[in-house]
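> Next come the chains, spelled out residue by residue.
Protein chains: 4
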Amino acid sequence: MGKNRLEAFSDGVIAIIITIMVLELRVPQGVTFSALEPVIPVFLSYVLSFAYLGIYWNNHHHMLHTCEKVTGPILWANLHLLFWLSLIPFTTGWMGENHFATAPSALYGVVLLMAACAYRILQQLIIASQGRDSLLKKAIGSDWKGKLSPVLYAAAILVAFWSHWVSQGIYVLVALFWLIPDRRIERVLATKKT
Amino acid sequence: MGKNRLEAFSDGVIAIIITIMVLELRVPQGVTFSALEPVIPVFLSYVLSFAYLGIYWNNHHHMLHTCEKVTGPILWANLHLLFWLSLIPFTTGWMGENHFATAPSALYGVVLLMAACAYRILQQLIIASQGRDSLLKKAIGSDWKGKLSPVLYAAAILVAFWSHWVSQGIYVLVALFWLIPDRRIERVLATKKT
Amino acid sequence: MGKNRLEAFSDGVIAIIITIMVLELRVPQGVTFSALEPVIPVFLSYVLSFAYLGIYWNNHHHMLHTCEKVTGPILWANLHLLFWLSLIPFTTGWMGENHFATAPSALYGVVLLMAACAYRILQQLIIASQGRDSLLKKAIGSDWKGKLSPVLYAAAILVAFWSHWVSQGIYVLVALFWLIPDRRIERVLATKKT
Amino acid sequence: MGKNRLEAFSDGVIAIIITIMVLELRVPQGVTFSALEPVIPVFLSYVLSFAYLGIYWNNHHHMLHTCEKVTGPILWANLHLLFWLSLIPFTTGWMGENHFATAPSALYGVVLLMAACAYRILQQLIIASQGRDSLLKKAIGSDWKGKLSPVLYAAAILVAFWSHWVSQGIYVLVALFWLIPDRRIERVLATKKT
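Protein chains in written order, with our numbering: chain U, 1 to 194; chain Y, 1 to 194; chain H, 1 to 194; chain Z, 1 to 194.
Here chain U stands alone, though its shape is the one from the complex (with noise of 0.2 Å):
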């Protein structure tokens, strides 16, 4: 069974998670640049959550790259990592139209933990259908990110109960380090075309 679907119906929801969560953003009632102070912090959660969205399709468009042979529990996981991305627009509304208060923060946290528990399953099941040889797992080397990321959103949603601009401080680092593209699976790649 080939991928194209699995990529398409994938790029259809984050696409459309994407685009719905900008509906969050209200159009304000007033009419002056004052009336748009409300809505700062809703547009702040807003960039946080397209950087992730972002970056969870260009790092599945790359996964999916190494992946030939696409196995039922691969669709199945595939449907779990979108459930879990499905549900940002949700806590990033929660968390933007309340300044990121501390249930929100965690809760935001909670989701990027499950979403990122869901990407290393689908992971870890494509390596295995790949057999010894996997070109996947040779492409993520060692995967510091992606083994460090739960545990740093583990700690920001601890955290948030102390102080909840640590927990956003540590959203947006992670998010910072994932956004340098992945240059590994484009390497293996190209070495194996040589």
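Hints listed in this document are in silico derivations from the structure and should not be mistaken for laboratory results.
Because the structure is a prediction, the values reported are computed rather than measured.
Beta carbons are placed, not taken as given, at the ideal position from N, Cα and C, and that holds for glycine.
Each hint should be verified, as a subset may be incorrect.
Claimed, not checked - So the derived label-pair ranges between C-beta atoms look like this:
#, chain 1, residue 1, chain 2, residue 2, range
1, Y, Ser129, H, Glu37, 37 to 43 Å
2, Z, Lys69, Y, Arg26, 56 to 62 Å
3, Z, Leu36, H, Val31, 30 to 36 Å
4, Z, His99, U, His99, 27 to 33 Å
5, Y, Lys69, H, Leu176, 24 to 30 Å
Claimed, not checked - Residues of chain Z placed beyond 10 Å of chain U at every Cβ, according to the derived structure:
#, residue
6, Arg5
7, Val13
8, Leu107
9, Gln130
10, Gly146
11, Leu152
12, Val159
13, Trp165
14, Gly169
15, Leu173
16, Trp178
Given the coordinates of chain U, assemble chains Y, H and Z onto it according to the supplied hints.
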């Protein structure tokens, strides 16, 4: 006529249905974890419907895989299926916001029943278009899941007037036995290649 | 330039239009079946518009099938068609929530009329781009459906001021005679191959 | 890495942005034609933004047509462009609901300006990735439209504080001269083939 555009359109519609359901998860007013309480039943109904739509996408994917020629009636039977699926966000929202009460639980079953019938019509049309040696017919075999599901949905609709929790149990049960991926088609395709 | 991206974009837009219409079906307040009563006219207008959008997608699919070269004017004529189709959720919602009253019924017809004109413009541009032996021109033949529909829409708009139920009857009638799939193009394509 | 998935994802996001804008066109309360009156400015701002998004989709389509290799930076520059485009429904809604007042008109220009800058960054990255004989560089030539537009947007933002109608005139003007399809790339591609 190719089937690519049919697949792409169906993927698009299912991806949007699955994602706009999350808009029913309204951002809660409060800022504490207890503010999430009224969202919980809506969330649970979302999980159930996400699973059902995932199942439909998955099976639709497998079924179209065997289909080579898309005729006019197949196009319309596919739109008919998408019509019933498109009502799932509505019934999910009504059911979740009313804590799985009798009338919403029954209506939820009605839409599932109609979608199941629409799926069977589409399946029969594809089999008919494939002629005597239909690959799909061989692949689905006795199709006990496909035959049992509508019966169970009908039972759940009736049972809802007596106990809506038993109805919910039936919906979860049917989803669970579909979640086991449909290996039949994969197996028949594999056999064919050898 | 290929037509794949044009098809994919059109599919995406039509898939979203068809699906966001369902958002007009607001979750009712009550918990009994009688709470569904005010939703019924909205549901009926949804069924009608779903059928119309399905017809447009279907015919668009067939029409582009004959098109080999996508020019700038074709791109814009296609966007023009999508523009009018994108207004259907608005007119559907207005019509359904006001029980098919005069003004909404007339406006519904105006949007259908404009979409039909946009479709014809697109069709003429594709025929013109194909030169003298246009496959599409042969395929549509006398195109009586395409010529009659705008006339009937215009009649329905005028008639709405006298009896809006007659207008609705005309809309249903036009939808019904389009629902018969357009075999002309399939037939001409089949002839060409032999 | 292929560009197909980049195109598909961009198409998906632009298709959704263009369509959810229509959700700002709220179904009016009244049942007469006069109830449509408050919707008119929202409709006009929708027409303008639909044209802009159509232009972006069209030009994006042509630009990627020349691109053969998708690098990490190109992926991110593309997401950056989609980010600014995704804010258009918000600024469109604010502008339409406030009858093109000063602050919303200026903000509308800011988002158009940022999107234009993002587009140029993406264009430069594609040119850079193509090396010395860049096909895209040849195709865009002097690129006077691309250079003039940001200047006009900046002017419109400033002018809005003096007369917001002049700003609107500038936005319409810029849209109009982009609506003339970009034949340059088609021409260069045609030359290349011969």
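> Compare the structure with each hint and give your call.
Comparing the hints with the structure gives:
1. Y:Ser129 to H:Glu37: 37 to 43 Å: holds, 41 Å
2. Z:Lys69 to Y:Arg26: 56 to 62 Å: Check failed, 44 Å falls outside 56 to 62 Å.
3. Z:Leu36 to H:Val31: 30 to 36 Å: holds, 35 Å
4. Z:His99 to U:His99: 27 to 33 Å: The hinted range 27 to 33 Å holds for His99 of chain Z and His99 of chain U, with Cβ atoms some 31 Å apart.
5. Y:Lys69 to H:Leu176: 24 to 30 Å: holds, 26 Å
6. Arg5: The assertion about Arg5 of chain Z is violated, with a minimum of 6 Å to chain U.
7. Val13: It is violated; Val13 of chain Z is separated from chain U by about 5 Å at its closest Cβ, not greater than 10 Å.
8. Leu107: Non-interface label on Leu107 of chain Z violated, nearest chain U Cβ at 8 Å vs cutoff 10 Å.
9. Gln130: holds, 18 Å
10. Gly146: Fine: 24 Å to the nearest Cβ keeps Gly146 of chain Z off the interface.
11. Leu152: Leu152 of chain Z is indeed farther than 10 Å from all Cβ atoms of chain U, at 22 Å.
12. Val159: holds, 16 Å
13. Trp165: holds, 15 Å
14. Gly169: Fine: 20 Å to the nearest Cβ keeps Gly169 of chain Z off the interface.
15. Leu173: Leu173 of chain Z clear of chain U: closest Cβ-Cβ about 24 Å, beyond 10 Å.
16. Trp178: Per Cβ check, Trp178 of chain Z is outside 10 Å of chain U; nearest 23 Å; holds.
In terms of the numbered hints stated before, the structure departs from hints 2, 6, 7 and 8, listed from lowest to highest.
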